[in-house]
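**Student:** Chains A and B are the protein sequences, given in the same order.
Quick note on numbering: the numbering used here labels position 36 of the first sequence as 147, and the sequence is numbered without any gaps.
Quick note on numbering: the numbering used here labels position 296 of the second sequence as 299, and the sequence is numbered without any gaps.
Keep in mind the hints are simulated off the structure, nothing from the lab.
Here the structure is a predicted model, which means the values were calculated and not measured.
Mixed in with the good hints, there may be bad ones.
Said to hold, decoys possible - If you want the footprint, here are the derived chain A segments under chain B, 3+ residues with CB under 8 Å:
(1) 185-199
(2) 209-215
(3) 251-264
Ideal Cβ positions, reconstructed from N, Cα and C, are used throughout, including at glycine.
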Amino acid sequence: MNGTIALDVRGVSKRYAAVEAVKGLSFTVRQGEIFGLLGPNGAGKTTTIRMVLDIIKPTSGEISVLGGPMTEEKKSRIGYLPEERGLYDDMTLLDTLLFLGQLKGLSRQTARERAEAYLREVELWEARERKIEAMSQGMNQKAQFVAGTMHEPELLIIDEPFSGLDPVNTRIIKDLLLRMRDRGTAIIMSTHQMHRVEEMCQRILLIDHGERVLYGPLDDVREQFATNAVEVDLKGELDEVPGVKRLSPRNGGYRMMLEEGVKPEGLLQTLVDMPEVTVERFERVQTSLEDIFVQVVGREVSESEGEEA
Amino acid sequence: MRKSWLVAAATYRRRVRSSAFLLLTFGLPLLMVAVGAISILTQIRGALPPVGYVDRTGQLATVESVPVMDETLDLTPYADVDAAQQALMDGDIAGYLVVPEDYFEEEAARPTFYGEERPNARLESGLTAFMRQAMLPEAPASQIERLEDPAEITFVARQTGERVAQGPALVVRFATPALLAIIFVFTVFTSANQMGSAVVREKEQRAMEMVITSLAPRELVVGKVLGMMLLSLTQVGVWMIGAGVAIGLALFGTLSVQDLSIPWSAVLWAVLLGVPAYFLYAVLGAGLGVIAGDKQQARQLAGLLGFLGMGPLYLTGAIINNLDGPLSIGLTLFPLTAPTIALFRMTLSDVPTWQLAASFAIIVVGLVASIWIVARIFRAAMLMYGQALRPRQIVRALREA
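Please construct the entire structure, taking both the sequences and the accompanying hints into account.
**Tutor:** Listed below in structure tokens is the structure:
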């Protein structure tokens, strides 16, 4: 199952009157991967997710979910944790999970068994008879996560899954997501927490103004934005190094910006060949996803605030 | 349909436990039963006190006691009002009846009762029995008893063979359709409001986005409406049981079950027209809740819908004046007024079966169309938290579906 395409979005657009929220977007998500859906506020992420879930219809383009067009039957094979958090305040936690689990096609008995198992796992067992309105934001967040995943979906779409969670609960949810991924679930994670994307996602899609800006394996994207710089810790003094256009001390070592066409391997050889220098650490500088995000859409972020389509 | 039932059950369970629902559902019938109980308590309170009478006609026979249900009313004749008044002040009697001199001559002349308190129903009954016996002292008891209701007529309809006895049974026969119509109007008025508020609350709780990825908007709308309908049925059921008990207590001893003549065809048509029409109102109420931005706006829109439901009550006069006129027939065929108008017409005349059947068909078609439309508006509006849907957006929602 892993590697099979779970979601195939081809040339999808969505127009609201004069505004084109999504423009000819194409991407695929595979079983057994965590796929990062990134973009500034108002970029069209939520619109894209709602089109995938058949909450709204695309103006043009095609979406294939779990091997074909979205059907009512397939809704039971998809999980969703929306950005807008909300459960029925006047229901108890267990009743809420039984209700939502059954809506996803589970029998009452199975829904109960799964709900009880998940509640123990996310440490909400003691709160099972508590009303939603009496639960904290973090508990509510975990409850909603359980509601969206207890039917063990083949495709899971989660929007900001870690917002409002403390480090312990973040770890619990992260472990659950990784386990689901390993079981073959295709997971689309939309978040602004770039370090989580770097930790968990294999591939990403960055959209801005409804258009695809970056798409592909995370390593490829990083490579694309690599700064051709290295960080070196060494014994000895350096004034000038051949092939290095800028040399700056950093954390007891140096950061070196390489000249055009100079490869890190060549620089390493040059340093090793220097008799008065002993190389202790040589590391290519990885451009962080956050840097890439800011570099690509940084200027537009502030302009787009509050325009989430 | 399974998912609609799940939504209905969850909706029902959530609301049936709310304190507002419990208070409204059980408070009203408890009040009704209490009123009925007070009525019966006043009847069975203590023994009948002795009373006196003054016969100014000089033609009444002396009567010292008369049977009243299972008791006896003791009477003392007095020569004049002063003597009777003295006995009253001495506490010998609870009151006295003065029969005027011209009682047999003028229709307007009536006996007058003077007492410490207003006589209760049993004492009134005893005084009436006294007058009958005092006027016909030689007549056998059976004749005197018959005089109480000398012409209890049973009406038989030649066409249907329906038999209805005069008196309370006749009132039941003709009041039932009107009562059912009023129950329908009342239920529709309250539930349209509740439905709109429930949908707005659903939007406010922001649970919709999660729920809607599990079932079709049509299933969600049907489930919500079914749940609310079950709630209303529970409420009306409790109220009707309460009303039945209260009426039973109030009419205790005056009307037996065998005397009742329930017009079953009216009841049948009330169900056939009322249930889908109620459903239609609830779906429209849900639609207005979807369009509304907040609870206040939902209540205002539901008020308009409720006004439509109440409308026939304002037209009663025009309809009674011409039971088979174009207005009556037109409103019988209009789905939102059909149950009320048809039942009102049944109170006073027979409504042709074709009109009732056509009305049923139109309501069902209207219901299916409403579910279709509301489900599509629902899809467009459910994620617009705190915003009202503009007419242009409604048109677009219908077009894009």
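**Student:** Hint by hint, where does the structure go against what was stated? Just the numbers, ascending.
**Tutor:** Hint check: nothing fails, all pass.
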